[in-house]
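**Q** Turn these sequences into a full structure, and let the hints guide you.
Protein chains in written order, with my numbering: chain D, 58 to 220; chain W, 58 to 220; chain X, 58 to 220; chain G, 58 to 220.
Because identical chains cannot be distinguished in the list, a pair is counted as satisfied if it fits within a single copy or across any two copies.
Below, simulated DMTMM-like cross-link-like pairs (lysine to aspartate or glutamate); rule was C-alpha separation at most 20 Å, straight line:
1) LYS113 x GLU191
2) LYS175 x GLU194
3) LYS175 x GLU70
4) LYS113 x GLU214
5) LYS175 x ASP147
6) LYS113 x GLU96
7) LYS175 x GLU195
8) LYS175 x GLU191
9) LYS113 x GLU165
Read the hints as simulated data drawn from the structure, not as lab findings. Since the structure is predicted, the reported quantities are computational estimates derived from the model, not experimental observations.
Here's the letter readout for the chains.
Number of protein chains: 4
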Amino acid sequence: MKQQPSHSATGFEPRNPGFEARVRSSFGRQPMMGHIGAELVVVQPGYCEIHMPYDKALTQQHGYMHGGALATIADSAAGYAAYSLMGAADSPLTVEYKLNLLRPGVGELFIAKGRVIKPGRTLTVVNADVYGVEGGEETLCLTSIQTLMTLADTADELRVGAG
Amino acid sequence: MKQQPSHSATGFEPRNPGFEARVRSSFGRQPMMGHIGAELVVVQPGYCEIHMPYDKALTQQHGYMHGGALATIADSAAGYAAYSLMGAADSPLTVEYKLNLLRPGVGELFIAKGRVIKPGRTLTVVNADVYGVEGGEETLCLTSIQTLMTLADTADELRVGAG
Amino acid sequence: MKQQPSHSATGFEPRNPGFEARVRSSFGRQPMMGHIGAELVVVQPGYCEIHMPYDKALTQQHGYMHGGALATIADSAAGYAAYSLMGAADSPLTVEYKLNLLRPGVGELFIAKGRVIKPGRTLTVVNADVYGVEGGEETLCLTSIQTLMTLADTADELRVGAG
Amino acid sequence: MKQQPSHSATGFEPRNPGFEARVRSSFGRQPMMGHIGAELVVVQPGYCEIHMPYDKALTQQHGYMHGGALATIADSAAGYAAYSLMGAADSPLTVEYKLNLLRPGVGELFIAKGRVIKPGRTLTVVNADVYGVEGGEETLCLTSIQTLMTLADTADELRVGAG
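**A** If you want it as structure tokens, here you go:
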């Protein structure tokens with residue numbers, strides 16, 4: 058199945074021309090993303106898309122994908138959508154989010170789409186939705202609003218366990 | 058390190074005397090809990106505690122535990138706190154939650170504590186907090202409010218992939 | 058200034074053909090709406106728009122409209138968007154909501170737009186945004202996700218103080 | 058009826074010794090508080106209590122206090138709990154909140170209690186609950202988590218409409 062970016066023109070101007078490489082590098086340094094089989098598919102200014110195939114290891118007691126797995130890719134998609142608009146010396150921090158689970162996590166693939174609603178110097182507000190995909194059809198199963206903080210002059214790198 | 062239940066007397070009366078066995082059985086049927094190393098430690102009427110040791114596989118790019126891992130145990134702790142008060146023929150469904158990440162996920166162990174704020178026939182509202190534990194000291198790193206729905210006359214069992 | 062409904066075709070089919078009259082009647086019986094000068098402008102299946110002119114009495118200490126006034130029209134717009142899709146014997150109950158205040162409440166008029174994201178037999182999830190209008194231009198100042206419950210076979214009428 | 062402060066010792070140390078006078082002055086400059094009959098009753102470091110008597114003008118269609126009125130006092134109680142801990146040159150800004158309406162707004166008096174969960178240099182997270190009081194007994198009807206931002210070197214004063 059071929060997935061096209063949902064928003065090719067996001068209307069945001071990145072402050073860091075190297076935003077995509079930076080987002081991809083950060084994603085690659087998140088062990089949790091590998092642990093749940095998540096892949097970074099689309100990075101655009103103010104937009105990010107993460108895909109995660111169905112995996113029985115990530116299910117709950119009814120056989121659906123666990124809400125926590127869906128929340129995890131929504132969290133990362135929101136964070137990287139925000140990060141894509143930040144300056145070269147900044148890094149993102151998730152402050153809070155709130156989500157509704159609209160339907161069970163049914164599908165062969167799950168796609169989290171993070172879209173910046175309002176960028177800001179200190180805080181960025183992002184909408185992140187997760188869709189279950191079956192037979193090429195996307196069904197919305199999670200919607201969220203997330204708040205990210207810009208850590209100015211802070212590298213997005215290992216801070217603990219670096220020994 | 059020895060962890061004592063935080064609330065030995067919750068003040069709630071379970072409608073199903075077999076609530077603990079039922080919660081433990083459901084937890085055991087959640088593959089996601091095993092995948093992140095989570096363990097169900099305390100089940101009381103309206104209260105549930107889940108422990109998850111630090112694991113590099115669950116970290117984000119700074120070396121802290123990923124917010125999604127913390128959210129996942131908060132989600133399950135809230136769900137089982139609610140489930141502990143439901144009738145024998147009912148099962149729980151997470152409707153929505155909202156959380157603040159108060160501090161980075163630092164610690165050797167993470168403890169999610171779900172406490173029912175308001176049980177109801179159709180909806181139950183639960184507070185779930187997650188603490189990082191270092192040297193036996195608990196530090197609050199996530200706080201949340203969660204809404205669960207009671208699915209009446211619905212077994213808490215496999216609904217898909219039962220082949 | 059002339060405001061056109063933002064969504065003339067919502068894609069939802071009302072179960073109660075008299076939905077608009079019923080929503081307007083309920084709105085008219087909310088003293089709080091009159092107290093803050095709110096007016097019900099658009100009712101469509103799954104969509105509702107409430108307008109509230111700037112009023113110094115509703116401001117906070119910086120002279121902007123109080124977040125609580127904006128939240129109040131968002132709450133009602135979400136509730137009536139949900140109510141518009143309910144059956145003839147049902148009434149709505151707000152379960153919870155979460156909102157971000159994106160910009161100060163600046164404008165001569167404030168418009169809350171409630172749009173159903175996911176209708177359901179028991180629960181309906183709604184997005185409600187509030188815009189400040191200046192010189193005919195709308196600026197998003199509040200975004201929210203709201204959860205409403207359907208009270209089956211329950212009239213939407215006075216329950217207290219009817220003496 | 059005599060209301061005692063719920064938390065006489067909050068455990069927080071104010072950075073501005075004149076915090077109470079400053080909070081009371083700001084509250085007094087919020088026209089919205091007068092418009093809904095809200096009164097600032099308790100201000101302690103990291104804690105704030107606002108009272109609002111039942112008023113038919115603030116009710117919804119069932120005769121209960123409108124959720125928006127309860128949310129408004131919760132919003133202000135959270136804001137002032139946060140403000141009480143800020144430095145002398147700072148002022149508060151509400152970023153976002155999320156709330157559950159646990160019971161109908163029934164009572165002769167409504168009390169919002171804001172308690173700081175986690176103060177911070179940039180962001181402060183606050184729990185704000187609202188209780189309905191009948192015959193001297195408090196019943197929890199709204200619980201919320203709120204995020205406030207510190208505006209450094211920004212006076213908490215009129216910014217618009219000062220003509």
